[in-house]
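Chain by chain, the residues run as shown.
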Amino acid sequence: MTARGKRLTLILAALALLGGATALVLSAMRENLVFFHTPSEVAEGKAPVGRTFRIGGMVAEGSLERLPDGVTVRFAVTDTAKTIPVVYRGALPDLFSEGKGAVAQGQLGPDGVFVASEVLAKHDENYMPVEAQHAVDQAQRAASTLEP
Amino acid sequence: MIPEMGQFALALAWALALVQAVLGLAGAARGSAGAMAAARRAALVQFAALVLAYACLTASFLRIDFSVLLVAEHSSTRTPWVYRLTGVWGNHEGSMLLWSLALAGWQAAVAAFSRTLTAAFRARVLGVLGAVSVGFLAFLILTSNPFERLVPVPVEGRDLNPLLQDPGMIIHPPLLYMGYVGMAVAFSFAIAALLSGRMDAAWARWSRPWTLVAWVFLTLGILVGSAWAYYELGWGGWWFWDPVENASLMPWLVGTALLHSLIVTEKRGAFRSWTVLLAIGAFSLSLLGTFLVRSGVITSVHAFATDPTRGVFILGLLALTVGVSLLLFAWRAPRLSGGGAFAPVSREGSLLVNNVLMAAAAGAVLLGTVYPLIIDALQGAKLSVGPPYFEKVFVPLMIPAVVLMALAPFLRWKRDVLSRVLRRVWPETIGALIIAALGVWAMDHVTVGAFLGIALTAWVVLASLRLLVDRLRQGAASGMTARLRGIPGSWWGMWLSHLGVGVFILGVTLVGALEQRLDVKMMPGQEAELAGYRFVLRGVSEVPGPNYTAQRGAVEVWREGRMLTVLAPEKRAYFRSAMPMTESAIDWGVFRDVYVSLGDPTGDGGWVVLLFYKPFISWIWFGAVLIALGGVAAALDRRYRRLARRTAAVSASEQSHEPVAEAVR
Chain A
0 MTARGKRLTL ILAALALLGG ATALVLSAMR ENLVFFHTPS EVAEGKAPVG
50 RTFRIGGMVA EGSLERLPDG VTVRFAVTDT AKTIPVVYRG ALPDLFSEGK
100 GAVAQGQLGP DGVFVASEVL AKHDENYMPV EAQHAVDQAQ RAASTLEP
Chain B
0 MIPEMGQFAL ALAWALALVQ AVLGLAGAAR GSAGAMAAAR RAALVQFAAL
50 VLAYACLTAS FLRIDFSVLL VAEHSSTRTP WVYRLTGVWG NHEGSMLLWS
100 LALAGWQAAV AAFSRTLTAA FRARVLGVLG AVSVGFLAFL ILTSNPFERL
150 VPVPVEGRDL NPLLQDPGMI IHPPLLYMGY VGMAVAFSFA IAALLSGRMD
200 AAWARWSRPW TLVAWVFLTL GILVGSAWAY YELGWGGWWF WDPVENASLM
250 PWLVGTALLH SLIVTEKRGA FRSWTVLLAI GAFSLSLLGT FLVRSGVITS
300 VHAFATDPTR GVFILGLLAL TVGVSLLLFA WRAPRLSGGG AFAPVSREGS
350 LLVNNVLMAA AAGAVLLGTV YPLIIDALQG AKLSVGPPYF EKVFVPLMIP
400 AVVLMALAPF LRWKRDVLSR VLRRVWPETI GALIIAALGV WAMDHVTVGA
450 FLGIALTAWV VLASLRLLVD RLRQGAASGM TARLRGIPGS WWGMWLSHLG
500 VGVFILGVTL VGALEQRLDV KMMPGQEAEL AGYRFVLRGV SEVPGPNYTA
550 QRGAVEVWRE GRMLTVLAPE KRAYFRSAMP MTESAIDWGV FRDVYVSLGD
600 PTGDGGWVVL LFYKPFISWI WFGAVLIALG GVAAALDRRY RRLARRTAAV
650 SASEQSHEPV AEAVR
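These protein sequence lines map, in sequence, to chains A and B. Numbering of the first sequence is given in numbering that gives the first Met the number 0, commencing with residue 0 and proceeding in unit increments. Numbering of the second sequence is given in numbering that gives the first Met the number 0, commencing with residue 0 and proceeding in unit increments.
Hints may contain errors.
Here are the computed lysine to aspartate or glutamate pairs in the EDC-like style, where the Cα-Cα straight-line distance is at most 16 Å [as the list claims (entries may be wrong)]:
#1 A:K81 / A:E30
#2 A:K5 / B:D415
#3 B:K266 / B:D636
#4 B:K391 / A:E30
#5 A:K81 / A:E117
#6 A:K99 / A:E60
For each label pair, taking beta carbons as the anchor points, the in silico distance ranges come out as [to be verified]:
#7 B:A28 / A:Q139: 27 to 35 Å
#8 B:L372 / A:V48: 22 to 30 Å
#9 A:L7 / B:L325: 22 to 30 Å
#10 A:L7 / B:L517: 31 to 39 Å
#11 B:R423 / A:D68: 55 to 63 Å
#12 A:E97 / B:I433: 54 to 62 Å
#13 B:E559 / A:L25: 49 to 57 Å
Sample of chain B residues facing chain A (criterion: CB under 8 Å; computed from the structure) [said to hold, decoys possible]:
#14 L382
#15 L396
#16 I398
FYI, nobody ran anything at the bench for these hints, they're computed from the structure. The C-beta atom is built at its ideal place from N, Cα and C for all residues, glycine as well.
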């Protein structure tokens, strides 16, 4: 093989590697995108059924309850307009409390209850999860446009 | 007075950095020895000024001076002194000051320990570093003043975020910053090479030890961060593909590629423009990481309460750095072409594939990390990319990289024949496959992932042993100790780091395959069983701490009728913040960790308890330590010091400002 031919082989091999990597990235990306929906969107039926997504907002006051098994909890997430019930099995993050922002990841059950597989922890008491803030802002903007 | 002195020192450091940048770059361009010497002194004084500024902030923290806003917000009268000391960097402003101090430290090190460099080259490196410093100090002074005063002075401070009141936090940020910022040195060497238009084997020899040291810091910083997340967050995970973790992984991957590319540039004079591009990339990704953490654009465990102007400022710095470097690269890189030709099957070829894989992995992680930002900016849709994405992309890219990693040291430079190499290592290959088959059978966990993981580890370990045996056989010296001593540091570095990767993979594989978790409600006196261990919750009692009250559980761990230990997981309530904190308790072991953490009280006297069985997780840390040790061994290679002596002699005799590449060869 000539020097040129060798270089061509090398470049082609590198391109093939890059192409393979790109294909891998795109397919994995499509499967693992987790969209975010506000409680209002979920209430309007805009959220997908049978696919994982995130929901965020404030934990409704007085909604946190522990089921008899001691490990499963129920609470409700609200964006001040609509409220969605959530059920979660496991230990809640340290900063989780009623009236504070929270983001949950999971799937919407056929009964309209959001089954969370993960409740995201925030590590600074002053810090509001970006998504939770977004949900509340949106609902309040919607509310203010409805008022005369 | 002390804070004002710090403020003044900070402004002084900025001015000195500016002087250093201008005199360094202009002095090198005009060949003015006086200007270049002044730039070098400016670097040393800049470092002294920042040490002073940092000492002033530390003094304010130690003296509990609540008239300084930062102190009032991040410490309290009851905070133990150690956490007042680390509280200096447990917040945005202070950690940026530490960042700048680290940057100045690297500059002072270049100024002090670079006798091997010619005056012009050193002036250029210092000039570029000074310019980076100007940007960051301006950021610090304009958007994040750490010395801001607070009037009226409060009686009590708000205390440091409890998560950061932990020994891991004492060393994690400084290590990581040294690594991040150290990439600026590699970057400056590359830019200086572009400016001077000369980049040869000598350049690679100058650049490599600096890059190695920065990379070792980055490796250790990531390791400590990961270990901290493991025992402190209380969920038993060690890597979450969190945007901020990714932000440290990306420069590490590109830095790894850079270290390998530098080998080729040094030994064969090839890959020059690629090496420069990697150096630019590693530093740009460090800046991007800083942007991701500081701007608050991403939901992350590391996000501080934020201010959008800061994000814009860092994004501006990032755009400027990347833009200017790439322009310079486009203009000057064509001069850097050349170097020895090589066949696809050769040491160079294998290192090229390593580079492509590392860069592709960094690119994939980058895409997954910033994709949500891009979509948010373009469409206003909120979404996130789940950890499975990263696992699906990262692992397949790393498998060929690891296979090749063990094989590459057997390959010859320039050209080789694959069948020759395969004939040498086929027993190791077969051995690895047999060990993997036996392994999954013994564990009773037959999955592709577990098989691959064990096979890769076995392959790396066996091939490394073979490499060592071969190396000792071919040595000319007689006697084993003489032969061992004859092996250069960079060879040991390669060997240790590669072995470390194997150990690391075994840890990741086995903890992934065999870990067990149980979330269970326990009343005092009740017991639970997991993975052959019996856990008895004896009770939970209240224990006072310096700035918190803890609910401390006593959990007996039994195995085969024998009590191993009593673990004491805590749930702490810190006084000044409403924030509860989980403090897990771990029975560490070489072959397994038993991990207990307290969830919430259930209201009837019981507790939710999280029990974990984590086999071989320590091997993840062992592996990372070996990888870092390899970096240290390589940086200590005798040839870098020999270079130092030789060049010093040469430049003394010639008084030349030109690079000494030819003289060294």
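Comparing the hints with the structure gives:
{"no.": "1", "hint": "A:K81 / A:E30", "result": "violated, 29 Å"}
{"no.": "2", "hint": "A:K5 / B:D415", "result": "holds, 13 Å"}
{"no.": "3", "hint": "B:K266 / B:D636", "result": "holds, 15 Å"}
{"no.": "4", "hint": "B:K391 / A:E30", "result": "holds, 10 Å"}
{"no.": "5", "hint": "A:K81 / A:E117", "result": "violated, 21 Å"}
{"no.": "6", "hint": "A:K99 / A:E60", "result": "holds, 9 Å"}
{"no.": "7", "hint": "B:A28 / A:Q139: 27 to 35 Å", "result": "violated, 58 Å"}
{"no.": "8", "hint": "B:L372 / A:V48: 22 to 30 Å", "result": "holds, 28 Å"}
{"no.": "9", "hint": "A:L7 / B:L325: 22 to 30 Å", "result": "holds, 27 Å"}
{"no.": "10", "hint": "A:L7 / B:L517: 31 to 39 Å", "result": "violated, 57 Å"}
{"no.": "11", "hint": "B:R423 / A:D68: 55 to 63 Å", "result": "holds, 59 Å"}
{"no.": "12", "hint": "A:E97 / B:I433: 54 to 62 Å", "result": "holds, 57 Å"}
{"no.": "13", "hint": "B:E559 / A:L25: 49 to 57 Å", "result": "holds, 51 Å"}
{"no.": "14", "hint": "L382", "result": "holds, 5 Å"}
{"no.": "15", "hint": "L396", "result": "holds, 6 Å"}
{"no.": "16", "hint": "I398", "result": "violated, 12 Å"}
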